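Asker: Here are the chains, one letter per residue:
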Amino acid sequence: MVDVFNALTVLGNFLIIPGLTYGSQLALGALGVTLVYGVLRFSNFAHGETMAFGAMITILVTWGLQAASISIQPLPTALLAIPVGIVVTVVLTLLIDRFVYRYHRDRKANPVIFLIVSIGVMFFMGGLIRFIIGPGDQIFFDGTRFILKAREFKQMTGLDEGLSLRMTQAVTIITAIIIVAAMFWFLNHTRTGKSMRAYSDNENLALLSGINPDRVVMITWILVAALATIAGTLYGLDKSFKPFVYMQLLLPIFASAIVGGVGNPLGAIAGGYVIAFSELILTFAYKKIILYLGPETLELDSLVQILGTDYKIAVSFIILVIVLIIKPTGLFSGKTI
Amino acid sequence: MSFLLGEHMTGGYGAADILHDCSIGVEKGEIAVIVGPNGAGKSTAMKAVFGMLPLRKGRIVFDGSDVTALKPEERVVKGMGFVPQTHNVFTSMTVEENLEMGAFIRTDSISDSISQVYDLFPILKEKRKQPAGELSGGQRQQVAVGRALMTHPKVLMLDEPTAGVSPIVMDELFDRIIEIARLDVAILMVEQNAKQALEIADKGYVLVQGRNRFTDTGEALLANPEVRKAFLGG
Ligand SMILES: Nc1ncnc2c1ncn2[C@@H]1O[C@H](COP(=O)(O)OP(=O)(O)OP(=O)(O)O)[C@@H](O)[C@H]1O
Ligand SMILES: [Mg+2]
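Protein sequence lines, in the order shown, are assigned to chains A and B.
What the first sequence shows, in our numbering, is residues 47 to 383, in sequence order.
What the second sequence shows, in our numbering, is residues 8 to 241, in sequence order.
Hints listed in this document are in silico derivations from the structure and should not be mistaken for laboratory results.
Remember, predicted model here, so these are calculated numbers, not experimental data.
Where hints are given, some of them may not hold.
[Stated by the list, open to error] Which residues of chain A face chain B? A few of them, derived with a C-beta cut under 10 angstroms, are: (1) Leu121; (2) Gln201; (3) Thr203; (4) Gly204; (5) Arg243; (6) Leu254; (7) Ser255; (8) Asn258; (9) Gln351; (10) Thr375.
[Said to hold, decoys possible] Here are some chain A residues the structure puts well away from chain B; computed CB gaps all over 10 angstroms: (11) Val48; (12) Ala155; (13) Arg191; (14) Phe192; (15) Ser241; (16) Ile257; (17) Val350.
Ideal Cβ positions, reconstructed from N, Cα and C, are used throughout, including at glycine.
The shape of chain B in the complex, shown without the other chains:
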């Protein structure tokens, strides 16, 4: 049994199902990557795992207990963190306030965690008094990841953390994500830059139309000619 596992997830936003018997899991200290075409249901699968989508079938298991019935905010308390694909920062609040809000559930001192985030993303320290809405796309993604890290989650879920950032910043973000995984955090990530993401992935999922199409190690998926042809541009 995986550390975090969404099993046989079936459900959608309204009457029609978007996910069909979809399963996704990740282990402690590992990086799992979900790739697939636009509209495949990758974000929907992430929302389902975090309890933001009503499931008709399937269950979510986290750290040995069934969390299917828990609300998103209760999962946060249990040790799950989520960075959504869009609207993932408080634009009218400063960088530092964003981090403080990330730590809202904590009652102990958070200054250590804030400096940890600043060590990870030094640019944020410089911009800490600036509203997050005034930052560049890449800096904003760093705020978004930093906010989710403030609770010291055991599993960090990232929906396209590198969307809209330059290749250099993307490499840097991937390096940071690897660093976070080394701290024994499980990382479940959706990525549009499939090739680069699978290179750092321990495990990869290819989703198509809400179904698991391929599931393997990152390496094996990169080597699979069928996957290469259809999803990695040859």
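Just chain A, with the same shape it has in the complex:
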């Protein structure tokens, strides 16, 4: 029986908690991508860089707060800096919309043109970020490192295996739950949120109902910038802030959005966790679990991994391809928010 608990602890420590954390980060990212797709009807390749930009501003403000010895122990100071990060990112995003996307919107440009333009915006933002903070690794986490230490867990339970919960993991998961709940409440229960859904559902009829498209677009960008800043900061807190990593995150984020049904917020959340857990389950070393649960005499030479961790990024790519072949509309058949 103890073996079973040990095995479960290993699973919890190396698969479930990291999966929930990474899944929350992907879900928040995919939610932003899906909002842009649902309302503005294009795939926003600049979303990864928007996350990086928001995180960067948050880091700069965090350093300022740290220098001024302002903190919210045991929570990371970055949480205090996020609102400033959001505001600055909102301003940048609205400026980019005003001077880049609006021109093409007025011409009713094809979504492909928007997509290519967003790639241009991506390079611009990427350059801006490297110009301001540099391409290097930045660590801005402070506060208490662990909520639950593996050693404490072992002492508490008497098990051989330890379960640890880092502060960043708890913060990520809890923030994601709050943000997602707030988002759904906004979309389903406020007049503005409903007008966004109406516009996403049927642009023409929304006009005929007197819904102002400029306002819908503006609110969408504000939400997208806020989501991106929060997702980017949470990811940076959990791992570290490295500008190019956010560009690599684009693949799993788009995979999440598409797997769930692009344009569908519920799908984006589900997709985030599907991708995160798929990556972890396929690259997890099952050796320990099998040793605990298998017969006593069993000996294993390998790690019992389905895929090496190097192939992590390939997992989202494979899932993406499979979904596009079998059910192109995604799990939740989206198109409207």
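Starting from the structure of chain A, add chain B with the ligands where the hints point.
Answerer: For chain B with the ligands alone, kept in the frame of chain A given last:
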């Protein structure tokens, strides 16, 4: 001068004109019906009146003022309502949310208007929590009309409100439309069921290839042998 009047409308979607010097009008409390063959430009004329089509010539006058330069959403604020021929409900939203969106420009309480729509179309009250995309064609048309009624428009424009509904539901919808007109609303309607529609029409327009072919009272058009032969199937 009519309460709502599109005068000498000439224009189209691209280089070629679809409408040629086409004029359409309706009075308060009256029903005007536009009939004509497929592709005659009936829907195009409706869009032109609502400001969804660039006009090269002509003007739109509503309630004594020239609205030619106004955007569709500004015409909604002025008191015009439009139910397009297709895609006329928010399919992913519930019936009640559709009605709420219809009232988007209003800042006062809308619960009275919602119950009025439910009185007019009782089935919608039953289905109010259901996404409009899951309703039958006839129920969907009722949602579409209900949505447009939520602003209490002074003129209601309907493009084929009875498309795809059974004869019984069609009669019922026509009865509801007459009820709405009695509330002193001007109704401008395109209809494929020309005979039935002209029977309830105060005024009828027969459009052919973007031009006014016949314009008369509904009764007179029904009695006109030429109209009967060419457009009403004898
Ligand atoms: N969005 C559009 N872009 C370009 N041409 C269009 C568009 N909509 C309609 N047309 C053209 O305009 C002409 C008139 O179309 P319209 O929809 O007004 O006809 P209609 O009288 O409403 O026909 P129906 O009875 O089939 O609804 C047609 O030749 C059609 O091909
Ligand atoms: Mg038509």
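Asker: Hints first: check each against the structure and report whether it holds.
Answerer: Evaluation of the provided hints:
1. The interface hint given for Leu121 of chain A is violated, since its Cβ lies 38 angstroms from the closest Cβ of chain B, which is over the 10 angstroms cut-off.
2. For the restraint placing Gln201 of chain A at the interface with chain B, the shortest Cβ-Cβ distance is roughly 53 angstroms, beyond the 10 angstroms limit, so the hint is violated.
3. Violation of the interface hint for Thr203 of chain A is found here, the shortest Cβ-Cβ separation to chain B being roughly 47 angstroms, above the 10 angstroms cut-off.
4. Restraint check, Gly204 of chain A versus chain B: the minimum CB separation of about 52 angstroms is more than 10 angstroms; hint violated.
5. Here the hint on Arg243 of chain A is kept, as its CB sits about 6 angstroms from the closest CB of chain B, short of 10 angstroms.
6. Against a cut-off of 10 angstroms between C-beta atoms, the interface hint on Leu254 of chain A holds, since the closest Cβ of chain B lies about 5 angstroms away.
7. Look at Ser255 of chain A: its Cβ gets to within about 5 angstroms of chain B, closer than 10 angstroms, so that hint holds up.
8. Proximity of Asn258 of chain A to chain B holds as hinted, the smallest CB-CB distance being about 7 angstroms (cut-off 10 angstroms).
9. Proximity of Gln351 of chain A to chain B is violated relative to the hint, the smallest CB-CB distance being about 42 angstroms (cut-off 10 angstroms).
10. The beta carbon of Thr375 of chain A comes no nearer than 13 angstroms to any beta carbon in chain B, farther than 10 angstroms, and the hint placing it at the interface is violated.
11. No Cβ of chain B approaches the Cβ of Val48 of chain A within 10 angstroms, the least distance being about 51 angstroms, so the stated non-interface status holds.
12. Every CB of chain B is more than 10 angstroms from the CB of Ala155 of chain A (nearest about 17 angstroms), matching its label as outside the interface.
13. Arg191 of chain A, annotated as away from the interface, keeps every beta carbon of chain B farther than 10 angstroms; the closest lies near 45 angstroms.
14. The beta carbon of Phe192 of chain A sits about 44 angstroms from the closest Cβ of chain B, which is more than 10 angstroms, so the claim that it is off the interface holds.
15. Its closest Cβ contact with chain B, about 6 angstroms, brings Ser241 of chain A to no more than 10 angstroms, contrary to its assignment away from the interface.
16. Not every C-beta of chain B lies more than 10 angstroms from that of Ile257 of chain A, the closest at about 5 angstroms, which undercuts listing it as non-interface.
17. Here Val350 of chain A stays apart from chain B, with its beta-carbon at least about 45 angstroms from theirs, past the 10 angstroms limit.
Checked against the numbered hints given earlier, the structure breaks hints 1, 2, 3, 4, 9, 10, 15 and 16 and satisfies all the rest.
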